[in-house]
Amino acid sequence: MTEPSDIAVMHEVGDRAIAWLHRNQDGFRPRQDDSTSDFEVKDRLKPIGELALIGKVLFREGVAGSRQAALTRQLLDTAWRDHLDGGKVLTWMQQQEPLSPIPFEIYVPFHELGYEEPAFEATLRSVHTLESWSAMETPPVRRLGISAFERRFGLPRSITTEAATAATWLGRRPEPWTVEMNVGYAVTHTVFHLTDWGENPGGLPDDLAEYLAQWLPAWVDDWLDIGHWDLLGELLVVDACLPEPALDPVAWRAFAEARTEDGAMPAQRGPLPEGRREDVFDALYHPTLVAAFASVLATSRAMGDLRAPAGSGAA
Amino acid sequence: MKQLSGAVHDLASELVSALRGGDHSVAGTTGSLGGDEALTVAAVRTLGADVLLPSTLLSRPAPEPDVAVCRAAVHAYPPGPQSSPTVAWSHWAMERALARVTAPPHAPSPADALGIAATTGPPDAAGTTDAGPDVTALREASWQALTHQLSVLAALAVPGADSAVATEAARRPVDVSRGFVRAVRRRDWLQAAGAGRWLAVVDGVPPTLGLDAGLRFTLRMGGADARVALHVHAALLMRANDTRPAAARRGGGA
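So the protein lines, in turn, are chains B and E.
Using my numbering, the letters of the first sequence map in sequence onto residues 4 to 318.
Using my numbering, the letters of the second sequence map in sequence onto residues 3 to 256.
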């Protein structure tokens, strides 16, 4: 049982993070001015995709509170209407790189939130029938992600969830003492895709849930000790997706204390990024989004456990 | 201190050699350390019950010189009232090991061999009874602290161990497994080797830990430290000699 004071710590992390993201939302703009190259524009679509995926979860989870929900809705609205020009920026990239999964991955969460760009969808459905779409060479966790987005969007699957999962690092449940940072991120994203970014914790197969329940505490301890808040935040998201989350108060308190004064989450322990506003944003937006994500899911789970009648187990 | 760590290293290397089936002469493992008796006794006290490990694991009689120097170490470094539970347990384990290797065959109560009361007797200066020193701190420790303490007390991880420390280890196999992961990630090979040795003697280690591979990895990466090699070889030997049904043996992994 998580104590109410621990829930308050978790909740405040997200509250402050969402407020920071809202104050700094201009940083998500892909084309800052006319000097921004096309390459850079495409590169800057990734943060918008992450904002959409996580923002959707923030918006859906009722625990965020009405102020957070309103800020999140404004963030997503601005991202779609302004930063993506109502989806036209995605269509523009699709014209240049029809087989890139990037615009598709960004489109899916916006589409689920009710935004639409018919021209983009028509081209997507056409390109998706190509053998080349399924044959595209990608790391296994990315392939699992594409498969998950196909499922979410209602497209025929280029690979089953089972086959895609089996090819990932986590799917093979390897020796847990070999986890390094890149493996850590592969593990967290495998869980994100299998659970639709925390929306459907039941999507995590039982054997993987058991494996994570056994070894996640050791990894949380490790990245807490290293002070790598970005990966720690993602591991705390994974925890909140487990059938019986640990919601470790020690880790959460340290995570909360790592925040900057204005509510952003630095990527790791050490000097805070400084310099040009855009560079500071680039260094902070991802760990701050992750902090909001972890906060909302963990708060939701803790509140669910509080609400659950005694003896009924985790909600 | 450097002299002592050198002597400990030499003694641990000799023990590894004995465990691996190397020459184990009647002069015993401690016979090769040279003439400085005080240094030898101190090194023996540092490694504790493990000085008699070849006899314990290979079911061989203990060479008399080894037994004698162990007795000397037990008498030279008795735990006092201020001693930590770790020191008290290490002392207890040496007495136990001496009792075991000097007991006549089929003796019902090997504890008598050293004049130790077979049942719970009056506590000595360290508050120790035959049941062993206090384990309250160990019982209440986080998995991180539990693993650290157990690894320091890895000499107690022997087949059929019936100490209260072994009971705590057996009660928390997943916690010690997490501690093993933590130790390997931190490149703390001595702690990893000690934790891995405990995992070799308890049930319930998750198979996905990959204990055998983890022990070999620890030996490869940290085996230059003879104390690491000693714990790993002890663990591998105990797993190889484990005659329980396969279903009861856990933690093999890939």
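For the record, the hints were derived by calculation from the structure and aren't laboratory data.
A portion of the hints provided could be inaccurate.
[What the hints assert, rightly or not] To be clear about the criterion: a stretch of chain B counts as covered by chain E if any three or more of its residues have a C-beta under 8 Å from a C-beta of chain E, and this derived list gives those stretches:
| id | region |
| --- | --- |
| 1 | 133-145 |
| 2 | 210-220 |
[What the hints assert, rightly or not] Chain B side only, calculated, beta carbon under 10 Å to chain E, not exhaustive:
| id | residue |
| --- | --- |
| 3 | 29 |
| 4 | 153 |
| 5 | 162 |
| 6 | 228 |
Each residue gets a CB set at the ideal place from its N, CA and C atoms; glycine is no exception.
Okay, the hints, checked on the actual structure:
Only residues whose beta carbon comes within less than 8 Å of a beta carbon in chain E count, and the region 133-145 of chain B has 0; fewer than three means the coverage is violated. Under a criterion of three residues with beta carbons nearer than 8 Å to beta carbons of chain E, the stated coverage of the region 210-220 of chain B is upheld, 4 such residues being counted. Hint status for residue 29 of chain B relative to chain E: violated, with the closest Cβ pair at about 39 Å, above 10 Å. Checking residue 153 of chain B against chain E by beta carbon gives a least distance of about 30 Å; that is not within 10 Å, so the hint is violated.
For residue 162 of chain B, the interface hint is violated, since its Cβ never comes within 10 Å of a Cβ in chain E; the closest pair sits about 25 Å apart. Given the 10 Å rule on beta carbons, the hint for residue 228 of chain B holds: about 8 Å separates it from the nearest Cβ of chain E.
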